[in-house]
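Undergrad: Residue numbers (this note's numbering), protein chains in the order written: chain R, 8 to 302; chain F, 8 to 302.
Please keep in mind that the hints were generated in silico from the structure rather than gathered at the bench. Check before you lean on any hint, since a few could be wrong.
Said to hold, decoys possible - Estimated spans, in silico, between C-beta atoms of each pair: (1) Ile-137/F x Asn-132/R: 28 to 34 Å; (2) Asn-162/R x Tyr-52/F: 14 to 20 Å; (3) Phe-133/F x Gly-197/R: 50 to 56 Å; (4) Lys-49/R x Gly-212/F: 47 to 53 Å; (5) Ile-137/R x Ile-65/F: 49 to 55 Å.
Beta carbons: idealized from backbone N, C-alpha and C, even for Gly.
Protein chains: 2
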Amino acid sequence: MKTDLECIPCIIRQCINTLNLTKCSESIKRKTINELLNDLEKIDYDLPPAYNSDIAYIISRKLTGVKDPYYKLKEESNKAALEIYPRLKEIVANSPDRLYAGIKIAVEGNIIDLGISKDGSSLLNFEKIIDDIKNMPFAADDYSKFRKSLGEAKNILYISDNAGELVFDRVFIKELIKQHKNVVLSVKSGPIINDATRKDAEEVGLDSLVKVVETGSDRIGVNFNCTSDEFLKEFRKADLIISKGQGNFETLDDVDANIFFILKAKCEKIARELGINYLDVAIVKRDPRWGSKKV
Amino acid sequence: MKTDLECIPCIIRQCINTLNLTKCSESIKRKTINELLNDLEKIDYDLPPAYNSDIAYIISRKLTGVKDPYYKLKEESNKAALEIYPRLKEIVANSPDRLYAGIKIAVEGNIIDLGISKDGSSLLNFEKIIDDIKNMPFAADDYSKFRKSLGEAKNILYISDNAGELVFDRVFIKELIKQHKNVVLSVKSGPIINDATRKDAEEVGLDSLVKVVETGSDRIGVNFNCTSDEFLKEFRKADLIISKGQGNFETLDDVDANIFFILKAKCEKIARELGINYLDVAIVKRDPRWGSKKV
């Protein structure tokens, strides 16, 4: 997906949110934003928004010296999500269609993304979560296609999004394993926003359940300019790829592979691209008309 | 009020919204945003956000050649609001406290601000308006202070905000006139966003009801660097000033005068300054602790 003008204010807002977490001085904040404004004048609109958003995090890291501003939030969100994990499992156990329930839980993990919330509150309201899952209206629902594709698949690459969300993914991944699939989970090689890293996969116990590979970088989504050989091998080997969240969608929508995107449209642009409304949730099979980039 | 970092993405978003209305080419849009990014590197954080937002509109005007991108929207919103004007009057007529009802209608006019809506839809949903007015929970309510101040006042300066909203103001202003007050209405001297100009005051029939003065410029809020002598005279003469909307609040909060701000907090910063929540509505007497600038 290409970058639009409307991504610019969003990239700056992301930078401000990150700076606020670093607790750096106002003077450093202003200096960082100035450098970002300067860099954004040279933005490449042909690149995915995720690539251009990286700039905000790289500059913030450089000028504040804080490598992982979301460290505490990630730990807290893993912990909070693990507390409700047994109850998430119960939802699946009590569902007539366990797989579909698993997907809904994975979507819910994306909905509660703590990286987007301004106050960084990590308290999960389980009643709201239950309500969300019960009444989840997929604005685009390729579940039947997914089910069919899953029936034919052996190797699944599960491209994760955030820490905390990973606990919700675990419920879904367990259902995939039950269907005798070989699931590989990918996480970031370093901290970026609140995206899951190997540490998070370990904290939520996914490393003992599936093979965990790193994307090869600390860049948002999947940046094929710096993917690890290991990731690339799994990407090519997979006959079904599950991609969580916006960053992965932005960077994978035009890649020739059998990908199902599971996400909430947290901005108007993503909603437009998916033909759904802002804040809608969806499970969508990649449309070959979006591109056919070979990797 | 001073500018915060968080105002920067908002200023850029305003510029993009305005560019979209001009129907200019993508290339001109990008050029405009680039010039804005460059200018924002030199932003003066000690100035009100409104002054810094002006930059977006000045650059957009310069590079697109479109002087009044909101022209059609303003005309449409005046027309749509006039259609429901008789029903707004009925609300007041049927209220036990006509003045309070008038204020609520004036607030509602600010709530439905068409300049903020992304699709520029000018269709007013009267049922929703009635609901809003009935259930209007002022997060800050200095109505009793306002009533007292009004009892002692002779000359009122009513500083308007948007076109369309002006019709709602007219209902309130009629109540002020009924109390034998001398009301002067201020409008912008030229087009900026969807702010009311003399043309709008005429279109909604306010010019035949009250004296209309121009602020002296086409700048957001009240910019004392370029106020007209006429405006300044009325500002100094007034023993009660009613200020509508955010732009006026941003530029008048620190000015030593008896001002009541009537607005909806359409951003987090304004909400913080007023001690209310984002999207709350309020009628607030100016607090001398906000400043004591003499004009």
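Undergrad: Please write out, lowest number first, the hints stated earlier that are contradicted by the structure.
TA: 2
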